[in-house]
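Protein chains in written order, with this note's numbering: chain W, 4 to 324; chain C, 33 to 269.
What the hints contain is simulated information worked out from the structure, not anything from laboratory work.
Built from N, CA and C at the ideal position, the CB exists for glycine as well.
Check before you lean on any hint, since a few could be wrong.
[Said to hold, decoys possible] Quick look at which bits of chain C chain W covers, simulated, 3 or more residues with Cβ under 8 Å: (1) 75 to 83; (2) 123 to 136.
[Claimed, not checked] If you want a taste of the chain W side facing chain C, the calculated C-beta under 10 Å gives, among others: (3) A209; (4) G211; (5) S217; (6) G219; (7) F220.
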Amino acid sequence: MTRSWVLLASALSLAAILSLITPLESLVELRRSDPGLAWLLIQELRLPRTLLGLGYGAVLGLTGAALQATFANPLASPDITGSSSGAALGAVAGAYWLGISGPLALAACGAVGAGLALAALFVIAGRRSETATLLLAGVAIALAAGAGTSLLLALAPSPFAFYDSFEWLMGSFVDRSLPQAAAALIPAALACAILARRSTALDMMALGDDVAASVGFHPRRLATEVVALTAIAVGACVSVCGAIAFVGLIAPFLARSLTRGHPGRALLPAGAIGAILLVSADLLVRLAPAGRAIPVGVITTAIGTPIFIWIVARMRRTVAS
Amino acid sequence: MTPLLDAQGIAVGGRLQPSDLLLPPSQMVAVIGPNGAGKTSLLRALAGIERTDGQVRIDDEDIAATAPARRMRFLSFMPATRNLVWPISARDVISLGLPKRDMDRVEQLVDQLELASIADRPVNQLSTGERSRVLLARALAARPRLLLLDEPLSNLDPYWVLRVLELIRGETIANGSAALVSVHDLNQIASFDRALLLDKGKMVADDGPQQMLQSPALSTAFRIERQASGWTIRGAV
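Chain C with its partners taken away, still in its complex shape (with noise of 0.2 Å):
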């Protein structure tokens, strides 16, 4: 079977080592690693936005020649800033990740993602959380192959953080597509198919959830230990 996503020596400098990734279909995949381990480095190489070497195809198609809006259908990013200048309303912001107008589809999300009282209104003007909302539902509405989600569960409440894995994992099943989605809190990666740990710009664990959750090389990374009582530091008496 041909992966979804086939990433080869995916490298940025100073940042992010020569890696590869291979994605198959329906599967959401958390990226953990310490500050500055370069997790978002290998979101914005494989959504083309840093110059890399090597080569990151999406079923078969390198997606470093593709126009703007067939690339849409291939992929989408949502960034870790939540900054937004422009008094632009929520539905519109939905509506720009669309490659052609589709109101169906953004009622649609509005609807999910319960940003209706809120839809008409300009998103500078609205809380970081319900950005993210915002940004999320944008980053979803193409239906991309391959979503690469920054931080989306930062600044969320905790309805609002099983509701959007929830809301990514309905995406991937229902279109077959897959998901590589940076967090920081390691309890929720058990919500996940597969764990990538980075640490000092490097893949150094690719494992299923509760097998990373174990690893010495997670405890290693994060200088942390999983006791009985939950994490401690590690090595603090």
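Next up, chain W with everything else stripped away, as it sits in the complex (with noise of 0.2 Å):
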């Protein structure tokens, strides 16, 4: 685990030093002419983009480790559950509908919607239940709440809600300011710390509600807590960012292998290679032709739907032998 945590961190440390100085021309260029211009360049555009980007990614992998293992299913994520879409609609709510535009005060409008879209899938599937009832319950909440975005989106009192909108609701990290980034990253922090916490209460419950209780640990007061943070980390970062898929599936996956399948131990390495991830999938956004932005939720699904449509096939395999 060492050797690995060695490897994470070096993995990490590059992708956010690429993050910072890609495209490397533009900056060389800037130096040359004006190196303070060069210098506020990467304070105020390219440092908020790579904070969020680990930030973002290390919530997602943190949170989707902690819902697999509190739903005991290697499916559950934050995307997977509705509960990204349902911060996005707790967000668009309150930008357009309350008129809201505090960073901060909007970041709680996404940990409601979030936490609400948890609170209906518990409801609707409840935690153990079968893979197929999880992901239809998930579905079912992702495309309730996508469509209640759009409608308030289409019905907001500004005619350009949903053209303002529409890189924000794709996923990006393009021109975010640093309060932004603060009112992501600092509610997601406080709540991610306490989840880590959580993790060898979530090895516990692999082996059962029953056997975890038995030990002492409150499966049921655990889950209300991992679905509570869980709304908070995302909702915030969904709110600065736009919701972005896969990440929260694929990066506990991998984890996973690092710590021979314990869920819980899970939690950190998960969230060290979700913020990888994100940041490498923000890097491959900035190969595109000048003037054009592709939103990086396209390249985390693009890269994540082959990942996913295998895990799938995997667990069909594991069952039926």
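If you follow the hints, you should be able to join the two separate chains into one complex; please do so.
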């Protein structure tokens, strides 16, 4: 595990540095003509972008791992449970209907939306449901929240609401300010820090709720905590960067191969892997021709879909054997 | 002498009426009763899984307020379900039963339960019988004062039924601990020191195994009778 951590830390640092300096040509050119402006570019544009990529990726990985451990299901994740879509609905309602503009208040709206989506999942599917039930309930919630978001934007007082929010809805880190990054990442970091302390309890839940309870943990209370903290972390990030799919599904999956299958111990490595994945996806975005912005959510979905299908196929084989 | 387990007035709404139970050290007790009689509820209530009225004390300590690592030394619970989702190795599952890493103890259990050939395989790919042995090893790992085992003998072949009974006996004698074991097969209770009979959520008899097998309460609860040829349905001609 120590070797894995060294590897993860190196990859994380490399991704962060690349994210700060890419594209390099414009930075070098600017440094030659106006060094102050080059510094400003890094500080005002690339730093928040890098921080959001790292932080949001870590949130998706860590909360994905916590949801999977809680639902005892390797397919649970912020996107598949509908919480990301719920957060988007919350943020749109806050921004376009309640006239909220402060980033922290919007983050709270996102958290409320994500929390309601997860609460709905509990009611519809229950916590120890079959994979199919969980997925169908998640899909239903995500579709309903997505339609709700479109409806609120279509009927919004501002006629430009759809146009304004397109880039945000697709998931992007471009042109976010440092205060926006802080509004997303400070509540998210606090929520994730508490979640990370639950990893022993979540490992025990791998043996079932009864065993965990007999050892002195409280499965129900733990599940409520995981849901609330996930809603806060995901809601805050979605309110600033939009919903991003698949990172929260794949990062925990990869992390568990480092923790010999333990779902609780996988929380921190899943966070690190999520951060690496999302910053890497954002670096790919920058390969697009100048003037053409590809939302980062498109890249994660393009890479994530085949991996998702592979995980499902593998699960089917395991069940069959 | 203080009893090892002193449970007073434990009850589970709708499934277990208020019951008291005292267990001395080194005793192996079978819990029997027809389906739905409350066997699992009793074990879960004693393990602190079900919210109960009443109080459960082990070695004179109230276990409701005991922290996880310390609790592992007091009791362990093995559930009747063998459902395991995550691809954790059998060795790691046994380790989860220990408050501190102790590979010698894990290897000892791997040896005792003859798990060497499957110890590194993910438990979600093992057969039900193999999982039973792994989960039993986890329950025994911390050498707790009280073993609460729900149907540990189901899914086992005859060799393993005898081996597991021998292992539980060995653990209770060696550590001066006690075991409360729910069993389905009435022929197995002869291996225990004492038998508790539950019926419709009530403890209706508490006796030695041989006396229990002769007891009218057992016939009434199970609706069967003991004949020279074996058990028959009560009232059948």
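Which of the numbered hints are not met once you compare them with the structure shown? none
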